[in-house]
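**Q** If you read the sequences in order, they're chains A and B. Be aware that the first sequence starts at 29, since it is given in this note's numbering, and climbs by one per residue. Be aware that the second sequence starts at 786, since it is given in this note's numbering, and climbs by one per residue.
Hints listed in this document are in silico derivations from the structure and should not be mistaken for laboratory results. Remember, predicted model here, so these are calculated numbers, not experimental data. Backbone N, C-alpha and C fix where the C-beta goes; we use that ideal spot for every residue, glycine too. The reader is advised that the hints may include incorrect statements.
What the hints assert, rightly or not - In silico negatives: residues of chain B with every beta carbon more than 10 Å from chain A:
hint, residue
1, Leu794
2, Pro833
3, Thr850
4, Ser856
5, Leu869
6, Met874
7, Asp877
8, Glu1028
9, Trp1079
10, Asn1099
What the hints assert, rightly or not - Pairs of lysine-lysine residues, derived as DSS-like cross-links and limited to a Cα-Cα distance of at most 30 Å, are as follows:
hint, chain 1, residue 1, chain 2, residue 2
11, B, Lys1122, A, Lys208
12, B, Lys1122, A, Lys104
13, B, Lys1122, A, Lys397
14, A, Lys519, B, Lys1109
15, A, Lys245, A, Lys534
16, B, Lys1109, A, Lys524
17, B, Lys803, A, Lys209
18, B, Lys1122, A, Lys455
19, A, Lys433, A, Lys529
20, A, Lys298, B, Lys970
21, B, Lys803, A, Lys240
22, A, Lys461, B, Lys1122
23, A, Lys298, B, Lys803
Residues per chain are reported as follows:
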Amino acid sequence: MSQLQPAAVKDGKTAGKKIVNEFCMTFSTINGSGSATANTILLRSLFRMGIPVSGKNIFPSNIQGLPTWYSIRLSKKGYLARVEKDDIVVAMNPATISTELDFMVPGAVLFYADDIKVDLPREDIVAYPMPVRKLIKEAEVQPNLRDYVANMVYVGIVAQMVGIDMNVIYGTLDHHFKGKKKAVDSNWAIIQSAAKWAQENLEKRDRYFVEKMPPLKDVIMVDGNTASALGSIYGGVQFTAWYPITPASSLAETTIEYLPELRTDPATGKATYAVVQAEDELAAIGMAVGAGWAGLRSMTSTSGPGISLMGEYLGLAYYAEVPVVVWDVQRVGPSTGLPTRTAQGDLTQIHFLSHGDTQFVILLPGDAKECFEFGWKAFDIAERLQTPVFILTDLDLGMNTHMVKRFDYPDRPMDRGKVLWEEDIQKLVDEGKAWGRYLDMDGDGIPYRTIPGNRNVHAAYFTRGTGHDEMARYTEDQHSWENGLNRLKKKLEGNKQLYPKPVVEKMAKAKFAIIGYGSTGPAIQEARDLLAEKGIPTDFLRIRSLPFSDDICDMLHAYDRIYVVEMNRDGQMRQLLAMNYSDCGAKLHQVSHTDGMPLSAEWIFNTILALEEEK
Amino acid sequence: MATQTAVNLAGLTRNDYKGAPSTLCQGCGHNSISSQIVAALYELNIVPENVVKFSGIGCSSKSPTYFLNRSFGFNGLHGRMAALATGAMFGDVTLKAIGVSGDGDTASIGMGGFKHMVRRNVPMVYIVENNGVYGLTKGQFSATAEKGLELKRQGRNVFGPVDICMEALASSATFVARSFAGDPKQVKEILKAAFSHNGIAVIDIISPCVTFHNKEDSFHSYTWGKAHESPLHDISYVAPRDEIYIEDYEEGTTQEVTLHDGATLVLKKLEKEYDPCNIYDAYRVIEEAERNHWLLTGIFYIETEAPTLFDSHNLVETPLNRLKPEELRPAAETLDKLMANFAQ
């Protein structure tokens, strides 16, 4: 039945050893049963106790009825990546209990709702029943709310059994329900009675404990989509057009949530922004490009299928030189794929999006803090370069709650780029200088633009996706076309100082380098520690933007072997690196995997170790 | 003595409203419409810098280059003018927008976007230069081609036409009109009324394609149109400052509609009674015209008080694209407050 051997627990030493703040708990529930509140309460309570935690929601593409899992990893060492095995499972869903057992480590703990028939095939598991129905019945909860508060039973029992501070639980509950007394009280009553029941009826037979740690300094808990939304707002977003799609919807929705508070003119109560829910992604990007052209800090947020639809307009924006910011919260494709699972499969599609020769700027935030930072920086880059800028996150980074350092307020003024208003144009005219919308006046490939609403008689020009010359006139002249296209390349490749540089982390006497990007950082870092314990020190290069920084070239040449770790089938970052640095192709090794789950350190460690042994 | 060039109340000559020379075919209906756009805006004294032009892709969509050189313009994607204009207008809502699309651009590839723009009541003059045929790709049927139409190399059209006015009406349009490029006077008066309307003004203009679809007996031809055009009413646009004076004025024969900017639309009754403020009448006459194969022109429907897309956004007075960085980036203390909350 199980591939795990119960031997370990029989070993007295292992069985007796207390495990404190270094384990993973998974809550198995039914989608739509309101377990998110219970899980959030536990996650935040652990965080408030100073314990580094991460929460990962594995949920189905379904509103109600299908199984869903939520894993909380506690790590006093600060490892926040996904782990593949569970130490504690809380089973509320009879349909999945046998699956759960397959993932439990020796000595693991099973809390189960006592109406689930558990035929425990493993002797190495400590099982505790939870009288969920009985406790709810006693609590006299309204029948329609029973399912929702049922999850509070496990909050109380687990808190009691592993030692989560009940005062902290209460504080978190109060915070979660924003002090709404009725909600706080009814949930708290269940939690308390469940904890009391556990205290009186369960004898602790397992090894798992939580203990308070020193307070985490300057650390917050936030999901990536909230960070992205706030980054956009602090970047001065003025226009957002979007179309609902998992896992990107909450990015736009959070923007809508915070904009009224942060961006209403205090004197008049009027808005300095607009958000439009479009009829589809074709329209969302059309509106965003229109607004960017009209001088607004404009963005849209979507996922892979939306990007597919947006391709044509983004090609136009690239060629007509319109600034716009596009967030792609990646999910598993091709096609509808696994809409509620994570991946990094849109990299090559986006870099070369649309027909003809294009190369788009892509920013790759590695955590929620960088989602915020790149959120505001993206507008500066887009407006400076007059081009679409993509920010790629993924479902894991975007929708899950992460512990990160608090966001820093933008450290520089906004860069609105080369914009000519009435007096600027007039000055050029008076000085007898020629201005053309696509004229490279400074030699950096970046022309000056005017914006509709500029009333100077010399300001207007006609924007088009058809061939145009430096003065924005329609032309099919072959030299004009080629010069224009080459200038676009020069513009994007000659101003690389604008893009976030890679982050390099070194170990003494590194044997090879690992390249990664985006949400896989924590797993790679942990894998590097595992490798180092094996006597294999490594260096780590985290790529944060495309086109590639020049540092990457030097880095590639400094190693004999480089493993490129990513969450896709084809090793898309490796493909791009090998294409850009063809002389390094042979030493770039693909370490990629996509099954919809965030990468684990264990998988990266094992895969790289195996490749090292093969060499 | 040198002839003094005529200027309008904005102090501009007709020349100030002109565009680049047209590259469309000689005799194309679209060129006639471009001329009427120039004439209408000149007569309305609207400064070109206060206008933004949009289009999609196709012969019709080329035409914004042929008028208003001094206005910004964006020739977008095939069928995607609606979204582009919707977003762009947020930049400065004091600008007036004019969009030129075609029957392929609006009624085929861009139908969804068109209907949603109409539904949102984006203030814009939305012209469909409707010729029933794809010109730039050399003569394929469009979605507005009449059933039974035969074209060289295309054979016979077996599908009924999409009626742009009906689609607009069904999407809650607040101004719906049909005209004929061969009736420039009416085109101009409808355009003027449309520019005075605060909301989407859909004008379906039958605009013959002289190269691919101008057979004497076909609905979209000059000959057929000239012989069969049946106006609902005689339209006179009276600017806000002008006194209403209509020739042959007879009690009970005209209807006046006050437009958003104070202008008045005077509609002189022709053969039948028609009230363009009654949506039931609008549906009825469009359906009748369709069934009887009439080229019925005029303002089918107008609703002057409906809120626009921008009304629902409660925007600051200053155009959004003129806001200063300090008005766009929230203060540092607000972030501290958020961070304190996230640290809980």
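**Q** Which hint numbers does the structure go against, in order from smallest to largest?
**A** Numbers 2, 3, 4, 5, 6, 7, 10, 17, 18, 20, 21, 22 and 23, in rising order.
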